[in-house]
Amino acid sequence: MRNKDAFSSCHPLVNFLFFGLTIGFSSFVMHPVSLLISLICAAVYNIYLNGRRGAYLSVFFMLPVLLLTALVNPAFNHRGQTVITYLPGGNPLTLESVIYGVAAGVLLACVICWFACFNAVMTSDKFLYLFGRILPSLSLLISMTLRFIPRFRVQLRQVKDARSFIDGGRKGLFGKIRRAATVVSVMITWALENGIHTADSMKGRGYGLPHRTSFSVYRFERRDAFALLWLLCCGAYLIAGALRGGFYFGYYPRVSSFSPDPYFISVQAVYLALCATPLTLDHSEDLKWKKLRSAL
Amino acid sequence: MKTVKTAAAALAAIILSFLICSCAGKGGEARKCTVSITCETILDNMDKLSDEKKELVPEDGVILAETEAVFYEGESVFDLLLRVCKEKNIHMEFENTPVYNSAYIEGINNLYEFDCGSLSGWMYSVNGDFPNYGCSNYSLKEGDAVKWVYTCDLGADVGAGMSEQGRDK
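Going down the list, the protein sequences come from chains A and B.
Residue numbers are given in the numbering used here: position 111 of the first sequence equals residue 1121, and the series is strictly consecutive.
Residue numbers are given in the numbering used here: position 129 of the second sequence equals residue 138, and the series is strictly consecutive.
The following block holds chain A by itself, in its conformation from the complex (with noise of 0.2 Å):
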């Protein structure tokens, strides 16, 4: 399968390694700096690597899920200083609990574009490279899920255009109804046999016994020693940075301010080298064409 970016051609263990880092640093840092240097990166690459999908995505996929979040979390947490003004209940609303609540639309927001990226990048046979030997059944089991959606969907087309030859004479409510149920009915048959297809045929090649070996078109490389040494020392600092409080930012019972010291911005920085490793990859290799080719 054609790679999508430089980042794609690396070794699947430094993508995983890299979405481990940014999923995980993202889906728990609450500090605003973090969360925009996430959102950005992570729109930026999503965008990059998903084009036009990538964009239609960030708009009217994870805004709708922003503002939610900042509806909902005000109706349900009165916690903070700044009272704006009573809800009918009688509990306060503050201003403190709106800003709590676009803070987690935005890390909501990051995660699901992190994982939009991560589909693109990790693709189903780069996860079995990685935990085929060590977890066979789970991970055929997850990358079979990943990927029944897609096929699904292009599946259910089929179905619906063969389907319309057949019975397109029936009109009205209840016809729809009918042509519906029949669809959806051939398409759980279609679903349960082709996973069990998928099994047999899994297991006739012997997947998941102790002396098999599998072809992979991935090598170590030196690059990719140097990119996991560079993902390693990030996350290394980055934890450490965690646990010495550096992402701490405290929305309740007041939003805290912070000061620009010298630690808390070499923390940011790191993690913002880290969100946009793919990025800068991304863009040296396209340097890197655009002068060989002004070179011939």
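Some hints here could point you the wrong way.
[As the list claims (entries may be wrong)] Across the chosen pairs, the derived CB separations fall in these ranges:
(1) A:1075 x B:96: 48 to 56 Å
(2) B:106 x A:1082: 16 to 24 Å
(3) A:1034 x B:106: 36 to 44 Å
(4) B:64 x A:1075: 28 to 36 Å
(5) B:63 x A:1286: 24 to 32 Å
(6) B:110 x A:1034: 39 to 47 Å
(7) B:57 x A:1271: 24 to 32 Å
[Said to hold, decoys possible] Pulled from the structure, derived: some chain B residues nowhere near chain A, Cβ distances all over 10 Å:
(8) 43
(9) 57
(10) 61
(11) 68
(12) 76
(13) 102
(14) 103
(15) 119
(16) 135
(17) 136
(18) 142
(19) 147
I should point out that these hints are in silico values taken from the structure, not numbers from a laboratory.
Even glycine gets a Cβ: it sits at the ideal position worked out from N, Cα and C.
Keeping the supplied structure of chain A fixed, place chain B upon it in accordance with the hints.
Just chain B, lined up with the frame of chain A:
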């Protein structure tokens, strides 16, 4: 000149009394009681409080000094607290518990239950007694002295008797 002044004063007095009467006529009869909100027990347990909450505790532990407040007949301790907190701009969060048919005060002035150890929270006393039921079920009477106090030890440190039953010895 003097007659004008006395006439004006009399007019003002009439208008004022009229206003007061019309206000009282709205919902039940207006009565008076006193209310105070204190968290003195936290001062002895500052080490249990998280750093960002420390600035919320007043130096003498008094969030609202004993003040006279107006209530209308049939109102409960909870109604009084809700109104006083809105008037004085004090943050207060409650939760309605249908089982006890009462509101439960989770936090006042951003000091919440369990903020100062696992035995901490808000309690109320009326005329020195701690009623053993929810604050929405206590109907106020003229001249009642309502005290909202923060306990760090299930009420034992503020003089509530129920703590003896609540704790395993």
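Subject >> Hints the structure fails to honour >> reply: The structure breaks hints 1, 5, 10, 13, 14, 15; every other hint is satisfied.
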